[in-house]
Amino acid sequence: MFDLTGKSALVTGASGGIGEAVAVALHAQGATVALSGTRREKLDEVAGRIGSRVHVLPCDLKDRAQVAALVGQAEAAMGQLDILVNNAGITKDNLFMRMKDDEWDDVIAVNLTSSFILCRAALRNMMKKRYGRIVNIASISGVIGNPGQGNYAASKAGLVGMTKSLAREVASRNITANCIAPGFIETPMTHALNEKQTEAIAATIPAGVFGKPEDIAAAVVFLASGEARYITGETLHINGGMIMV
Amino acid sequence: MSDISDRVKKIVIEHLGVEADKVTENASFIDDLGADSLDTVELVMAFEEEFGVEIPDDAAETIQTVGDAIRFLESHSTKA
Numbered sequence: 001m002f003d004l005t006g007k008s009a010l011v012t013g014a015s016g017g018i019g020e021a022v023a024v025a026l027h028a029q030g031a032t033v034a035l036s037g038t039r040r041e042k043l044d045e046v047a048g049r050i051g052s053r054v055h056v057l058p059c060d061l062k063d064r065a066q067v068a069a070l071v072g073q074a075e076a077a078m079g080q081l082d083i084l085v086n087n088a089g090i091t092k093d094n095l096f097m098r099m100k101d102d103e104w105d106d107v108i109a110v111n112l113t114s115s116f117i118l119c120r121a122a123l124r125n126m127m128k129k130r131y132g133r134i135v136n137i138a139s140i141s142g143v144i145g146n147p148g149q150g151n152y153a154a155s156k157a158g159l160v161g162m163t164k165s166l167a168r169e170v171a172s173r174n175i176t177a178n179c180i181a182p183g184f185i186e187t188p189m190t191h192a193l194n195e196k197q198t199e200a201i202a203a204t205i206p207a208g209v210f211g212k213p214e215d216i217a218a219a220v221v222f223l224a225s226g227e228a229r230y231i232t233g234e235t236l237h238i239n240g241g242m243i244m245v
Numbered sequence: 246m247s248d249i250s251d252r253v254k255k256i257v258i259e260h261l262g263v264e265a266d267k268v269t270e271n272a273s274f275i276d277d278l279g280a281d282s283l284d285t286v287e288l289v290m291a292f293e294e295e296f297g298v299e300i301p302d303d304a305a306e307t308i309q310t311v312g313d314a315i316r317f318l319e320s321h322s323t324k325a
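Chains as they are written, first to last, in this note's numbering: chain C, 1 to 245; chain V, 246 to 325.
Hint data in this document are derived by calculation from the structure and do not stem from the laboratory. These numbers were taken from a predicted model, which means no experiment stands behind them. All clues stand as given, with none of them false.
Calculated pairs, SDA-like style, for lysine to any residue (alpha carbon to alpha carbon, straight line, at most 25 Å):
| no. | chain 1 | residue 1 | chain 2 | residue 2 |
| --- | --- | --- | --- | --- |
| 1 | C | K164 | C | G226 |
| 2 | C | K129 | V | E294 |
| 3 | C | K129 | V | D281 |
| 4 | C | K164 | V | S282 |
| 5 | C | K128 | V | V263 |
| 6 | C | K128 | V | E299 |
| 7 | C | K212 | C | F222 |
| 8 | C | K164 | V | D302 |
| 9 | C | K129 | V | G279 |
| 10 | V | K267 | V | T285 |
| 11 | V | K254 | C | R173 |
| 12 | V | K255 | V | T310 |
The following residues of chain C were derived to be distant from chain V, with all beta-carbon distances above 10 Å:
| no. | residue |
| --- | --- |
| 13 | A69 |
| 14 | M99 |
| 15 | G150 |
| 16 | A154 |
| 17 | A157 |
| 18 | M244 |
Glycine residues also receive a C-beta, built at the ideal position from the N, C-alpha and C atoms.
Work the whole structure out from these sequences, hints included.
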């Protein structure tokens, strides 16, 4: 089950907590992986830990020209691209009334626009091959909202709507597109919370604790597998029971 | 010239899985050959590959029939 031997995957944000776990998990199932992110050294470190069947493709997702070139680079490096995981995400939190235009624009550009451009680019060959798996990492914030995250929540809710539309367009070509909406996961992003905030959030999670990046990675492997062929346009909520929708 | 026509028709027949005698110059991809809008995008991609030519979106929109495709490619193809 969930064998990815012979498949090639591009993971954005692979220098971050969830992205690294996703790349490691896809690779463990046999996939060749391309790691993208902004921090070259960190990507090289991750690639070193993975060892074989791994490529490093630095890319600044705020730069549209770089984004537009990324899928082609991944296809050139790996010979094909079967699995695209749009995992990269940034936060620039601020109260709505204080949020700057550039805080809005940057978060939308990295989290939403770059995912659109990468999906569009990847589709070309996926359509030809009549096979593809797209997994977009959304967020619980995009589903229930979060104070201070008007930009982030909009970008993540945007991913969900985008993914559903895409899924409808290409389902007949054996290409699936799904979202995963993580709740609170132990990553550098949530380490930014202070102890009091962390405790208060944990108290609202039925499981009682934050999730681990591997909890998300396992779901990516599933949705990226051949076995998940009949699941498309879906959002998988992974949050310890924090919301049940 | 007829070479381009034959190659276009071959792509259309293969991609849409239609009978060869239905693929006339006047046949509309959508109205006569059962293509949906995604099929027309894929046909344009296939033409681009076969003929080594880039078909811009505004030109692609004008390619509605088999004859439209043949005429466009006759005037733009480099690998003819």
